[in-house]
Every structure is written in C-alpha cells, then in structure tokens.
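J.: This is what each chain is made of:
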Amino acid sequence: METLKKYFKSNTFTLTILLILIVAFFWAASPGRSYLSLINVTNILNSMVLFTLFAIGEALLIISGSVDLSPGYIGTASGALMTAVLANTGLPWFVALLLGLALGCVFGLINALLVNELGFQAFIATLTVGSFVAKGFAYILVDGKVIPIKNRVIVWIGTGRLFGIVPFTVILSLLLILIYGIILAKTVFGRTIYLCGGNSQAARLAGLNPRRLSYILFANSGVLGALAGILYDARLKSGNLDGTNNYAFPAVTAVILGGVSFGGGTGNMFGCFLGLLIINSFNNGLTVMGVTPYWQSVASGVLLLLALTLDYLANRRTKRIKVRRTVEA
Amino acid sequence: MTYTLEYKNISKAFPGVQALDNVSFKMSGGKVTALMGENGAGKSTLLKILSGDYQPDEGKILINGEEKRFRSPHQAIKSSISIIYQERQLVNTLSVAENLFLEDLPGNRLGFINKAELRRRTQEIIDTFGLPIRPTDIVGRLSVAYQQMVEIMKAYRRDSNIIAFDEPTAPLTDKEIVILFRVIQTLKEKGKIVIYVSHRMKEIFEITDEIVVMKDGHYVKTLQTAETSEQELVRLMVGRDIGDTYANLNRNDKIGDVLLEVNNLVTDYVKDVSFKLRAGEILGFSGLVGAGRTEVMRALFGADRIISGEIKLEGEVVHFRSPRDAIGAGIALCPEDRKEQGLILGRSIRDNVSMPVLLKVKKGVFLDVGQEEELAKEAVRRYGIKTPTTEKRVGELSGGNQQKVILGRWTSDKMVTKILILDEPTKGIDVGAKAEVYQTVCDLARQGIGVIFISSELTEVLGMSDNIIIMHNGRITGTLSREEATEERVLELAMLES
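Chains as they are written, first to last, in this note's numbering: chain V, 1 to 329; chain Z, 1 to 498.
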C-alpha cells in the first residue's frame, strides 16, 4: 500500500502515463492499428538496443554526479578496431570482439584519469576524448573506408533472432538493463553511486571512495559504448566511419527524461527504461505515420525540452533546501 | 563637518540565536573604530546590517543624524558605504582596473569603455598604494595578499565616507600591512569613518582610536584605545560566568591509557603539531577561526596529505591514506560543515547512518535494508532524533537533529569507534539541543571513547574539556588542563603572535 502510494507520487508514474498516452495515440492513429503489431513492437525494441546500452552507462555516471559525452565515439572506434582486426589479421572473432571492448575500457579509463587526476570537468574531458581522439582513431582504423565484416559469428550475434522473431541484441539489452537496475537498487555498489552523487565530499569523509567509483563508472560507460558500437557494425555487417557517434546524446536525453537529475544522487533504472521506451515509441510512431525525419528531429527536440523541464521541476525542491542552507549560514 | 554613524537600538535574531540585542553606539569621522568581541559576539551581523545584507528586526541606523534603510548592498554602496569582507568579492577573470571600476566603468557616448582613461585612473590608485602590480593584471592570477589589496583599493576608489574592514590583515604579509595602515591613516585624515574588525591585539592598539566591545550580541562599552590595556579588553570581551549547563553534566572521571599520539605533524596547513589523547578524555581544541584545528583533524583522518610526522594509535604507528583507512582503525569525524561535508542532504536518515558500514549490512550480494533500518532506528531512539520515520531526508531535519544523525552514524552497533573527532558540533544549533549534544559527548567519553572537541565558543571548550589545546597560525601555542584554563588564558594563547 505504502509502495503504491509512493509510486503514484513519483516521477515514474508520470512517465508511465506519458508512455501510455503516446502508445495509445499512435495505436489509434496508425493505419490498420499496426502500431502495436508484433513486428512493430519488435521494431521499437530493436531500435532501442543501442540507446539502451549507452543509457545504462550514462545513468550510472549521471547519478554519481558526472556525465560522459564520449561513449558514442568510443563505440565507433571499438567497432572499427574489431572490423580492422577481423579484416587484417587471422585472429579469431572473440579476440577481435574482446579487443574492441578493451579499447572501450581504455578510453573510459582515460576519461576517468583526466577528470580525477587532472581535474578536468567531465564535460570537457569526455567531449575531447570522444569527438577528437576516439573519432580520429576510428577513421585511422578503417582507413577512411567502410570495411565489410565477413565473420559469420559476429554477423549472427548482430542480426540473429530467437525463434526468428526477437533479435538476440534485444534480449541482451533487456537483460543488461535488468541486471544493472538490480545492481543500482539493491547492492552496496549501487548505493555508493547514489551517496557519492548526493555529496561526494561527505561520502569520502564517511569512508566511501568516490574516486575509485568514478574510474569504475567511466570504464563501464566505455565498455558499454564499445559493445554498442560493435553491435552496430555487426548489424550492418561492416565497420563504419561514424557508427554510433550520434547515439550517446539521445541516450542522455532518455536518462534525464527517466528522472535522473544532472545534479546527481537521484533516479533509477526503471525510469530510464521508461524514458527510452517513450523516446523510441515516439520516434517509431512518427515514422509509422509518415512524418519526415526533419520533423521527427524537431519533435524529438520538443521532447528533450520536456525532459529538461521535468528535471528542473524536480530539482527546484533540492534547490530550495540549498537556499535555506545559505540563509542559515 | 564630521560624519557620524549611529546604531540605535538594533536587534536581530536568527533561528535559535539572538545575534544582536538592543545595540546602540555611535562612531564619528576622522577616527578609526575597532569592533571587538569573541566569535559570535555580533560583529559580522553589525557589518551586514550596515551593508544592507541583513535587515534589522528592530532599531535603525543613523548617518549624520538621518535615518537610513538599506534594502540591498547596492543601496548601501550608493550611500557611500564600503565594506571589505574576509571573503573577497572580486571577479577573478577580469583585470585589476576592471575590478576597481566594475560598477562605474569610464565610457563614451556609444558605450565603449575608455581603456586609456581606465588604465590611467587605476594606475593613480596603485601608485597611491605603492604596489608592484599593473592595471591590466588579471585578478585571479595575483597572490591572495594582492587580491586583498585590490579589494581595499576598490573601496578606496569609491571614496566612500564609511569604510569597514573585516579582518583585513588575515591574508596579508607585513609589507602589505604597512601599506594598509598608511592607507587607513590617509582615510582617517580625510575625515572618514573607518571601522576595523580584527582579533589581532597588536593591530588594534597600533591603528585604532577607540574600541567598541561586543559580547553575545550585546554592546558592552566603548574604550579609548590610548587609555585601555589588553587585559582590560580581554576581560570585557569574555567576563562572564560559565553557565550551569556544564556543572550539571554527568562527566567521565576515569581517564584511561593513551589512545592516540601525534608527534610533530606537518601538513600544508599546520606546523609541528604534537599531542596525546587518552581513552575517555575530552580533549578540547581552541583557537580562532583558521588557526589550523580543522586541518590537524583532516590530516589525522586521512583526508589531507601529511608531509611529515607520526601518528600512533594505541602505541602503533599508523598511516592512513584515506578516511576509509582511518574509519577502519576506529576514528570517526563529525566535520565542521555538516551540510557540505557531513551529510548527504537528499538522502534518508537511514542512508546517512549506514554509510560507513554498508559492507557490513549485506545479505549475500544484496544490501540488507532490514539491518540498515535497525541501525537507523537505534540511532533515532538513542539520540531522540525528532522524525516520523527513518526515511525522512536529512535535509529536512533541524540542525540539532542533523548532528544527532552523524553521531548515530559513528556510534552504531556496527562501528568500533575508539576516537571521535567533533569539529564545531554545536554550530548553528539552539541552546536546548546544545545541552543534549554535551551530555551525549560525556556519555561517549564514559564508554571509553577518546573525544576531540573543537569549538570556537570559549565557554563550550572550557565547560566540556578535560584538557585544552590552543592553536594559532597552524601551531599549538599552549596546552591547559581543566583546572588551569580560564577564558583569559585561552584567549591570550589563541591570539599569541608567533
């Protein structure tokens, strides 16, 4: 009962309503009610896969009080590395895949290094590492060309479907968001993320280690980004020049829409999942209705503004507490 | 004509404290007037009312006999009042010249800044002060001492009739102090009202003409500097009996073995600090704000880097590389700024209590919320934290209750706290809650915990401590036992010029 009451008051409840409204609208408006057909629902989930991977990494980082603008570029570089290894060496597919993931990890650690040891703002550090270093790396690795992937296992991972219906990648992304959701909500590690994000100084003085956490979360974001980039290339059966470059930002949007605040310390994975669903069903709905990509972009922008407004309204409460604090001092 | 500034029946209350109580006194131009009193005597509040930061609850300010009301700092500046605070109010990214003329940049009709004019006028002021800086220097890159001088030049530039200095010499070296005093002399000769707030006796006697003594929000007396002495001044600032609060405490009378020994500790902030803490002892740390007390504790707690020195815990040398190490060894810290450093305001009481023992409240790989709840409930029960549930956010609790949450955190069943460091534990909490905190601290000492009790309130340190260490400028200037300690002696040591 208490839990139910809390739920009705929460941001998650608002999001659920929003999602239902969007789905209901497009269902009613779509030709032949095709919006909720098995094929289209699978489409929505399929389009969500890569965003989900990015969103998980971002959610953890933003809750911890940071942000990562690089994973999209890291994904491209990792995919490119895997492709290059497959194309140019005789190494087996899993080695190529692990190398790709390892590259993501390295980029993540570089981000953490810049932020923690050199005191860069996460925004600047990750933007630079991503949009210059990782992006350039991707170009070098594929030598400025699109290189086909011929390895059957990699292609099977990217395009295979369970019972010929549900893509493996969809199952993977849903599993991951579930596992991360449980880690965030139920474990000491998850709690540490909230505590450090709420006030890292106080957390440190109470015996937690915000610095180590930052390293873990940046590495995690890098690896998830790499995985997304690899899946992207595996789906297209080729290594690409700008693969997932533009995926991280919409993922941040979904995370913020899902109730994670840029101030740090608040939000949960279920909210992020709803945020992802809302954005993707929205975009899919527009496509189904034949709205041009340009107008879709405008509409997505409006949705982003809505997300930021929600974040602002949620934050106003905390701000009021802060204001009271300064007056007392 | 002579300028006059008069505070008339001024009262100002904040939640839980009467900062000023019916304060009246008068100052006049051509004199340097010192404002003196202990921390919390009301000096800063007086300045902030003058600057328009605070509105008095009662009473008024008269300038040249005319009532003035300042609703904002802007209005005060327009009425020719300049206040130089301890926290500098400069734009670090702009040049010296731009800072000096911030609200009054010389421009032409099109709104462009006349840079030559700006530079010339700034250079004039710099020359008056005789400082080796250029108008074009970026303020953020200057040393702290020069930044302070820029702040002072800003007030000088405005040519205000009333100029107040709040601890102006704290960041200055002797060279700049000489310059500052020369400037103050000039201001005085021009017939301006100069208000000078400082804890440094030497300066007070060197530069001021009269001294207004404040105590606990009351006006005590105005002294002519030439006719008084340090002894008289200190007596007026502190002369009061320690209340019954302390007499009624159930104190620990069995002090045990040495728990902690610090030898020749040196950090970036403190020099050659040595002391011992025994089990069940309450060891007070006194000194002015910025004396280095907090910094000693941060180093001890593994939060700041130690340059040299040795820390022994129960006879064994320890090296803490992080607060986590210190906590593991049984040391707990309740930081001075409990809202910024102690608590996570957006999280529940439960989360804040269980923080350091999260790894001990697990069931398999998961957090055991049930056990956490037990810990939090125990803290609420033990310290009488006023809250309907342990899920209430600590940001919504009163100061006293917040302090109790931190105490609850460090004394939960899962903790093995041997040493408890309390840094200004009663700051910003009301009188009733203070007494509760005092008794709690005594109870903890009775359990054999060694307590380090830092406080800027003299009565509190004297009332609570078995022994008192006094610091000044990053060094220990004296150690007094409970029997030896008087307010006068502590204050003398705290102001000792080394």
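If you are wondering where the hints come from, they were derived from the structure by calculation, not from laboratory data.
A virtual CB, placed ideally from N, CA and C, is assigned to each residue, including glycine.
Errors might be hidden in some of the hints.
Label-pair restraints from in silico Cβ distances [to be verified]:
1. V:Leu174 <-> Z:Val144: 51 to 57 Å
2. V:Phe189 <-> Z:Gly256: 23 to 29 Å
3. Z:Leu102 <-> V:Leu19: 25 to 31 Å
4. Z:Lys271 <-> V:Leu109: 50 to 56 Å
5. V:Leu19 <-> Z:Thr389: 26 to 32 Å
6. V:Ala102 <-> Z:Leu359: 48 to 54 Å
7. V:Asn209 <-> Z:Glu396: 48 to 54 Å
8. Z:Asp337 <-> V:Arg211: 26 to 32 Å
J.: If any of the earlier hints don't hold here, list their numbers in rising order.
T.: Going through the list in order, the structure violates hints 2, 3, 4, 6, 7, 8 and respects the others.
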